[in-house]
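Asks: End of the sequence shown = 598 in the numbering used here, gap-free, step of one.
No lab work stands behind these hints: they were computed from the structure. Here the structure is a predicted model, which is why all the values come from computation and not from measurement. You may find that some hints are simply not true.
Said to hold, decoys possible - Dumping the calculated DSS-like pairs for lysine-lysine here, alpha-carbon to alpha-carbon at most 25 angstroms:
(1) K536 <-> K372
(2) K523 <-> K504
(3) K456 <-> K372
(4) K506 <-> K523
(5) K437 <-> K372
(6) K518 <-> K372
(7) K536 <-> K523
(8) K504 <-> K518
(9) K420 <-> K523
(10) K518 <-> K543
(11) K523 <-> K543
(12) K518 <-> K477
(13) K477 <-> K456
(14) K518 <-> K536
(15) K504 <-> K420
(16) K543 <-> K504
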Amino acid sequence: MAATAASSLQIAAARPCISSSHRVKAGAIVLGVSSKCLPWTKLASSHSKRAFIAGVADDIGYGWAIAKSLAAAGAEILVGTWVPALSIFETSLQRGKFDESRILPDGSLMEITKIYPLDAVFDNPDDVPEDIKTNRRYAAYTNWTVQEVAESVKQDFGSIDILVHSLANGPEVLAFEAGRKHKIRVNTVSAGPLKSRAAKAIGFIDTMVEYSKANAPLQKELSADEVGNTVAFLASPLASAITGAVIYVDNGLNAMGVGVDSPIFNDLNIPSDKH
């Protein structure tokens, strides 16, 4: 997964002006954040900042972990939830199903200030086909395209400081434009496989996780919290000079050119964790 500021939704951030792009890559999150520095005593804090995290629909995915890490750093949390999953997510949250997962390091519970319906596939209402508009899972909601959510957030809160989105545009282009125009940093977190609810729709996600554990330099299963902590770091003043970067959070799998069972390793004594 990676962090990306998607076209119009980035506009909902504090300093709106990211050009629109329809080219997206799955498995990435783009992060947009103001690059203003804070005193050194507050370097690790996102206190008084407002964060919008798109793609939160349960408590086991990267989106939830990112929200928790930012909340633990002091940020106010807004989330965007895929329209068909919104009712179930809100009901589960209200009934306390996620209360254990909401516990922050200081013992308090993560609070979500507002949940917005969002389908990031559609930039604006003109992009929405008629069969989607009339679909019963969408008919009960309004203002859920990227542009409309951006406008809703701006109307409700004026601006946001941190944007995390689960579809990645090229961070280099976004970083240049946002940095030059508004001093906003844009970075991407490219995460390893995780058995999230969305990933379980992929029939071979278990194989992906096992392959990663067997072949990555750090032989362990990736935790969503590890991705959340990375995003919290990138959103903090500790990363004030980092922009346009792709940060791999995958136990080092990206560094492997081939699997460890490749014939080229036959004569090498490669250390192996037995899990």
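Asks: Taking the hints in turn, state whether each one holds.
Replies: Status of each hint after checking the structure:
no. : hint          : result
1   : K536 <-> K372 : violated, 36 angstroms
2   : K523 <-> K504 : violated, 40 angstroms
3   : K456 <-> K372 : violated, 34 angstroms
4   : K506 <-> K523 : violated, 38 angstroms
5   : K437 <-> K372 : holds, 15 angstroms
6   : K518 <-> K372 : violated, 30 angstroms
7   : K536 <-> K523 : holds, 17 angstroms
8   : K504 <-> K518 : violated, 38 angstroms
9   : K420 <-> K523 : holds, 20 angstroms
10  : K518 <-> K543 : holds, 14 angstroms
11  : K523 <-> K543 : holds, 19 angstroms
12  : K518 <-> K477 : violated, 33 angstroms
13  : K477 <-> K456 : holds, 24 angstroms
14  : K518 <-> K536 : holds, 13 angstroms
15  : K504 <-> K420 : violated, 43 angstroms
16  : K543 <-> K504 : violated, 41 angstroms
In the structure shown, a violation is registered for the earlier hints numbered 1, 2, 3, 4, 6, 8, 12, 15, 16, in ascending order.
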